[in-house]
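Novice: Please take these sequences and the hints and turn them into a complete structure.
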Amino acid sequence: MITQLSSWVKTTVYTLTALLLSACGSESDIDQRPSEVDLGVKTSIEHVTLPAVAAFGQSAQALKTDITNMCASPVTDITLSNVQQQWQDTYRTWFSLLPFQFGPLVIQDQSSDLLDYIDVYRSTESIVRSETNTQFQTWIDAQSDIEADSLTNERPANVGLYALETALFTTLSNDLVSADIVAEFNSTPKKCDVVKALAYELSRRATEVVLQWTTDYRSTGVPYATLFSDNLLESYFSALDSDGTGKVSSEVLIVAVQEYLDFVGNAALFDDLTINSETLWLSIKDSIDMIESLLDQSASTELSLFAIMASNGYEQDVATIRENLVLIRSAIDERSVIDTQTYLKALDGNFKTSVIDGLNINKGLTFADGDS
Amino acid sequence: MTTQLTRRKVLLGALAGLSVPVLYGLSRMDAFNPSTTWLSASGSDADRFALSFANDHGNHGSANSAFRGHGLSSNPAQPNQIVMVSRRPGNQGMVLNMANAQQTTAEPQFFQSPKHLFMEGHACFSADGAFLYCSETDRRTQKGVITVRETQTFSVIQELPSGGVGPHEILVIPNTQKLAIANGGLIKDEQGQLVNGQTMNSNVSILNLVTGKIEQQYKVPESKASLRHLDVSSDGIIAVGIQVQRDFMASTDLTPLAALILPGQGLIQLTAPASILLKLKDYMGSVRINDKYRTAAFTSPRGDLALFWNIDSGEFLGHHFFDNVCGLTVSQDSEFFILSNSAGKVRQLHGLTLKENISARQSFPNLQWDNHMITLCS
Chain A
0 MITQLSSWVK TTVYTLTALL LSACGSESDI DQRPSEVDLG VKTSIEHVTL
50 PAVAAFGQSA QALKTDITNM CASPVTDITL SNVQQQWQDT YRTWFSLLPF
100 QFGPLVIQDQ SSDLLDYIDV YRSTESIVRS ETNTQFQTWI DAQSDIEADS
150 LTNERPANVG LYALETALFT TLSNDLVSAD IVAEFNSTPK KCDVVKALAY
200 ELSRRATEVV LQWTTDYRST GVPYATLFSD NLLESYFSAL DSDGTGKVSS
250 EVLIVAVQEY LDFVGNAALF DDLTINSETL WLSIKDSIDM IESLLDQSAS
300 TELSLFAIMA SNGYEQDVAT IRENLVLIRS AIDERSVIDT QTYLKALDGN
350 FKTSVIDGLN INKGLTFADG DS
Chain B
0 MTTQLTRRKV LLGALAGLSV PVLYGLSRMD AFNPSTTWLS ASGSDADRFA
50 LSFANDHGNH GSANSAFRGH GLSSNPAQPN QIVMVSRRPG NQGMVLNMAN
100 AQQTTAEPQF FQSPKHLFME GHACFSADGA FLYCSETDRR TQKGVITVRE
150 TQTFSVIQEL PSGGVGPHEI LVIPNTQKLA IANGGLIKDE QGQLVNGQTM
200 NSNVSILNLV TGKIEQQYKV PESKASLRHL DVSSDGIIAV GIQVQRDFMA
250 STDLTPLAAL ILPGQGLIQL TAPASILLKL KDYMGSVRIN DKYRTAAFTS
300 PRGDLALFWN IDSGEFLGHH FFDNVCGLTV SQDSEFFILS NSAGKVRQLH
350 GLTLKENISA RQSFPNLQWD NHMITLCS
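Listed in order, the protein sequences are those of chains A and B.
Here numbering that gives the first Met the number 0 is used: the first residue of the first sequence is 0, the next is one more, and so on.
Here numbering that gives the first Met the number 0 is used: the first residue of the second sequence is 0, the next is one more, and so on.
There could be a bad hint or two in this list.
If we take Cβ atoms under 8 angstroms as the criterion, some of the chain A residues that face chain B in the derived model are [as the list claims (entries may be wrong)]:
(1) L239
(2) D240
(3) S241
(4) G243
(5) T244
(6) G245
(7) K246
(8) N361
Distance condition first, Cα-Cα at most 20 angstroms in a straight line; then the derived DMTMM-like pairs of lysine to aspartate or glutamate [said to hold, decoys possible]:
(9) K280(B) x D112(A)
(10) K278(B) x D112(A)
(11) K278(B) x D261(A)
(12) K278(B) x E130(A)
(13) K354(B) x D112(A)
(14) K278(B) x D240(A)
(15) K280(B) x D261(A)
(16) K280(B) x E250(A)
(17) K278(B) x E258(A)
(18) K114(B) x E189(B)
(19) K189(A) x E130(A)
In case anyone wonders, no lab produced these hints; they're calculated from the structure.
Quantities reported herein were computed from a predicted structural model and do not represent experimental measurements.
For each residue, glycine too, the CB sits at the ideal point set by N, CA and C.
Specialist: Laid out in structure tokens, this is it:
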């Protein structure tokens, strides 16, 4: 009971509590300025994500152009090889964008996310090339012409990077020999129409990703980069929409990267994606370089995410993450699937704990109910 | 008295910037309008664990609890009296009177579980306020127990069976002497790891508080579904929130995470579009019924979603995206659902239209609202 306290304690308590109550103000007293993590994320988006977006868009466009040129004349070993090289380049640019599985990549496109129409393997972890070739044969055998936009309503398994890979790197009977592929293009002109249409769809969607990030996200008139970096999505979208959730961008970014690492660390990519396995290795390495750049923008700013972690007392965790990045690269260089995935899982673990804690990201107190 | 002050770290805690119990007898307390106040456990570490509250005016405060709280209950006979109990496997409860300066019984009161028991996170008062029921577990047998406490000293005067293992949320069924108990069915070791995943057996039990017997039990078809949260309408419809132990499931099928128990009819599972169910990640957090609009709301912090069903027809009414949403209550006038998250945000959705009153959005970044929220009724 307060009345039973000594007078000294009473005075002190009343004074302190009055101060506390005056400090317990209204929401208008709360600092609304961006945090250093917000600013660090903004820098990473600007210097890492947007260039990756642009590179993918440009590469997909170049692939479409190269395929158009290849199909304008009889296909040769050289013209096919050029197009295959461009497909590999586009694939590598894609892997540097793949970790950003939020925003433009997950907007609804017909019956699925936009990402699925670019990379069906990411969500299904399954590719059946023979089925894809059977579908190509069906289109070729159909009486109707295959125009550039003929495949616009096709399902994700029939379009995108892996469908293009199948069309460019195998024959309709699943043969991998280049000479046979060249011969088939020349003996089956409609196969060129198929790859032109596939390239059109990929380039169209890649351009859409670029526009959403840089110009106008979902008809808001504002680039997604701005909405995301400035944590404005909640202001533009209602809560009936997943963009209106109100989740802070730093958490979205870190969780997305962590989920990508979980994917590459656990999925059977090296068993399933064998046609261009060398390109796969290089692509994963590119994505690791990108992730390191995301964390370490120290060349551009003192507000790099690594610097923020270090200033929060997580220097050792930063060092551990750097070591894991080195180990992943070494394992990739040795083409060791086991080691690569082991170290990817370790980095995944770093993102789940050290990066979250080091950046003071509130992962959600209520994640696991009722238990300590 | 000095011991209580020391325990609450009034002087040192305040100087160190820690939240401290709100002390009464001060003129600023008239800013807290009891009819529009919401309460929840809050805080993510021992220095910040508290019972926190906020109101429509944006005022807020906290009473340091020194333990991580979970469920709260207000005394129907004395609505200003609030109890918060420990999250599993704690053993403490805190009683706080939200009365204004004229009240003299203002300081928090603490109570503990008997040594052979630990708390399972929820408690509720009897309709006349004479008793407090707590969901607990007997350490010796791992069986669920409902402790009955008198509400003067909050000492245990009786132990009743919960009808299962891991009792979690409990509520008195209105106009009855019966307690609805969500027995989650989970046994965990001291590290918090599930030890009975293969054999778990969850149910909602109805306990007769007079006879001490379990009268009815309800289950869902999926044996790995843990029935953990519930609310009861004025006419006895029980809404149940579910979490699934996916690691122990043989199938990859989506499992309904919401159900209704209709008096005299049994349990029905509530459905929603698969695209929505998939987002829930097998996890529902809180459940609350808005009696006026006959709507049950459920929150999924893993899915960042709140979902709504009509309790008479079972019709799925809609959803609301909200980052890490879990706390869920109904405004005193029953016009709004109140939702909270651990980033300190609060939103209000109209109980009939389910449209958000966006102008009423609030943000208390210094308050990490925990799983559950109640409304202080005047």
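Novice: The structure should be examined with respect to each hint, and the outcome stated for every one.
Specialist: Verification of the hints:
1. L239: Interface hint status for L239(A): holds (7 angstroms vs cutoff 8 angstroms).
2. D240: Holds: closest Cβ of chain B sits about 7 angstroms from D240(A), inside 8 angstroms.
3. S241: For S241(A), the interface hint holds, since the closest Cβ of chain B sits about 5 angstroms away, which is under 8 angstroms.
4. G243: 5 angstroms, holds
5. T244: With Cβ-Cβ at 4 angstroms, under 8 angstroms, it holds.
6. G245: OK, holds: G245(A) within 8 angstroms of chain B, min 4 angstroms.
7. K246: With Cβ-Cβ at 4 angstroms, under 8 angstroms, it holds.
8. N361: With a minimum Cβ separation of about 6 angstroms from chain B (threshold 8 angstroms), the hint on N361(A) holds.
9. K280(B) x D112(A): 18 angstroms, holds
10. K278(B) x D112(A): Within the cut-off at roughly 14 angstroms; holds.
11. K278(B) x D261(A): 18 angstroms, holds
12. K278(B) x E130(A): Violated, at about 30 angstroms.
13. K354(B) x D112(A): 26 angstroms, violated
14. K278(B) x D240(A): 13 angstroms, holds
15. K280(B) x D261(A): Answer holds: K280(B) to D261(A) is near 17 angstroms, not above 20 angstroms.
16. K280(B) x E250(A): 18 angstroms, holds
17. K278(B) x E258(A): 15 angstroms, holds
18. K114(B) x E189(B): 16 angstroms, holds
19. K189(A) x E130(A): Within the cut-off at roughly 18 angstroms; holds.
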